Amino acid sequence: MFRQLLDTEMDLTLDRIKLALMSASADNVYPQVPAPASESHIDFSTSLGVQGGVHVMGDPERIQWTPATAEKGGVFWTQSLGLPDERQIQWSRNVPILQNLETANERDDNDNGLVDEPGLSLHVEHAEDRELQVFVNLTVSKTDSRGQVVPRSRQVNITCRN
Amino acid sequence: MLVAAVATLGAGLVQVSSVSTRRQNLSIDTVRALYVAEAALSEAYFAVAQGRGGTLASDTEPAEFGGGFYWVEAEDLPDKQVRLTATGLHGRGKFTLGLVLNRSINRVAAMGVCGLKDVTIGPGAVVDSQVSDGLRGLLGQLLSPLQPSVHTNVRSNGDITIYGPDPLLGGSPTTIRGNVHAGPEGIVDADPSVLVTGAVTSSSRGLTLPTFTIPKLGGSSGNFTFPKGKDEATLAADSYFDTFSIPAGKTVTLQGPMRLRADSLLVGTGARLIIDTTNGPIGIYTLKRTIFEAGSMLDSVVPDPTQCSIFALTPDENDRSLVTLGAKGEFYGMLVAPRALVNIPGDLHMVGSVVAESLYVGPAAQLSYAEDLEEGGYGVKMTPTLISWQILEVPDSPLTRGPGSIDEKLQKLAIPTVPTKDSPLETDVELKYYDNGGVFRVYTGPVAAVPWGNVLRVDRVAWYIGATLQPEQKPSIVIDAVDTMRGTVDAVVKPLG
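Heads up: the protein sequence lines correspond to chains A and B, in order.
Numbered as in my numbering, the first sequence ends at 496 without a single skipped number.
Numbered as in my numbering, the second sequence ends at 1024 without a single skipped number.
Excised from the complex, chain A in its bound form:
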């Protein structure tokens, strides 16, 4: 039950990140950090479609990890970043400062190709021609009734469609 809820939190968070970044334009994704580095936030704009023959992009958006305690934080999605109608929604509450099995030592401790990557880590890879792929690593962890920290980690690879 406990693990199921943890899995659900991770799956829903990753699905939301996936849907947001799928609609993004490769030209408007920032920062574009390649492995082994990574970032805990990403800014982007999504397509609003075509009006009068012109491709219209939406207001800037951000997905980021924000600390709540010294060890843990949440994943937030910010819409209309920096604009008067900016709003923020929390997608996950249980994301540790670093990925599972990773420590801050400038090494790839968990052997996933990334160094000292945060609990929400994002890096990019340029595929053929215009394609931009964003790799998202997410760890969600909670302390169970026995006091043990139970982590769940997964990576998704998203191709920006615009």
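Hints may be right or wrong, so weigh each one.
What the hints assert, rightly or not - Have a look at the derived ranges for each label pair, beta carbon to beta carbon: (1) B:S924 <-> A:L382: 16 to 26 angstroms; (2) B:R1013 <-> A:L346: 44 to 54 angstroms; (3) A:A461 <-> B:Y970: 38 to 48 angstroms; (4) B:D949 <-> A:K352: 27 to 37 angstroms; (5) A:D442 <-> B:T770: 56 to 66 angstroms; (6) A:N491 <-> B:I992: 34 to 44 angstroms.
Everything labelled a hint here was simulated from the structure, so no lab data went into it.
The structure presented is a predicted model; accordingly, all values stated were derived computationally and were not measured.
For every residue, glycine included, the Cβ atom is placed at its ideal position computed from N, Cα and C.
Since the structure of chain A is provided, determine the placement of chain B on it from the hints.
This is chain B only, laid out in the frame that chain A set:
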């Protein structure tokens, strides 16, 4: 008491667990519906590439796909754009995606005036842009010549160097009526006197080219020899020579529709090559050298750049070729020479587009980019190009309304479904083609009954929706597939890595 408490707790846990399972199932079903909608968009893209409208199935008869169902609505927009709206349904999940495409874009011509490695423009040169008034056909083109426009792009993956006239000697200013885009790590180095009317920037990404094919044309006839005692010759059918050389004082007219293939094309001083596309397009394919010597002449009879292309292609990716357009005259068409140093010294007025490896535009040369090529052009792949992809609200329909799985709704509403292969509206086709004997033929009927065994080369395709024949198309996805299958091309030139 204890039993009741445990039972209540147990029931509560079961309820929480089933809510969680439902959320997970919904999430899985939604993701599956998203992928069904993406697959539907792919099917619709393929249909558009084939020259069809893009509509697939409907909410009254959805198509089956991977345990789910979909339909795609297509809406034609101005400027040859089409909006595709795909709805995917899987289990309890539903998802709608929107895609706006340009129906067909000539990606090669859209590069404008391009040197993949570098571009050098000499002092006094003019690079501008022209567009026709929209009239099609010979009469329209003759009556309404191309008009000036401002959409030229000079592009490179590397540096672009533009020289102005010598301040001491003076001379006409070097003028670029449009934008100049160097490569991601390149720079634009322009003399202060150079006039650029548009933006001067470095691109965020490099340029890439599609693959090109070289037609076989039945094998080489050796070297072209000029008929004795004559000063003029006409080629009006596909021709393949090792060397195609026009000596001084002689004139050759290429009369379309035809293709000319030669290892080397040499037009000597005082010789003339005339391109006549009055009755059809002309493709010139050279593999080694393409030389128009100074004092030679190159002329297009019809001012339509979409009807003639010169391809200087080297099948071996380590080879490089040389293209020198030292001729006088006016040439309307595309020049595609991705592994060549292309030199346009100055006497030729070229109206069309140029893609070279290294491009040198000489002093006082005039290059006019023809915007018409973005929607046409001979011998290049014309494929739909994505403009916008977005997630949309799921439309209201009996199949998307209310709870329950799609399978339950289909059963309850007695809605029939169709296999994916039967989802396009168009079932019959009019296919114009050359048969194995080179005879031009027209087939009209179901796609499934096209006599592919006797189709050597596809010329045009038009689809029927019901009894209404849709406009003719030249879908490269069909033409290329048949060319490859029948072996009418013998070399594929891959893009520069």
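Verification of the supplied hints:
For the pair S924 (chain B) and L382 (chain A), the supplied restraint of 16 to 26 angstroms holds, since their beta-carbon distance comes to about 23 angstroms. The hinted window of 44 to 54 angstroms between R1013 (chain B) and L346 (chain A) holds, with their beta carbons roughly 52 angstroms apart. Between A461 (chain A) and Y970 (chain B) the Cβ separation comes to about 40 angstroms, which falls inside the hinted range of 38 to 48 angstroms. The hinted range of 27 to 37 angstroms is satisfied by D949 (chain B) and K352 (chain A), whose Cβ atoms lie roughly 32 angstroms apart.
One distance hint, 56 to 66 angstroms for the beta-carbon pair D442 (chain A) and T770 (chain B), holds here, with the actual separation near 60 angstroms. Distance hint for N491 (chain A) and I992 (chain B): a CB-CB separation of about 39 angstroms, consistent with the stated range 34 to 44 angstroms.
Hint check: no violations occur; every hint is consistent with the structure.
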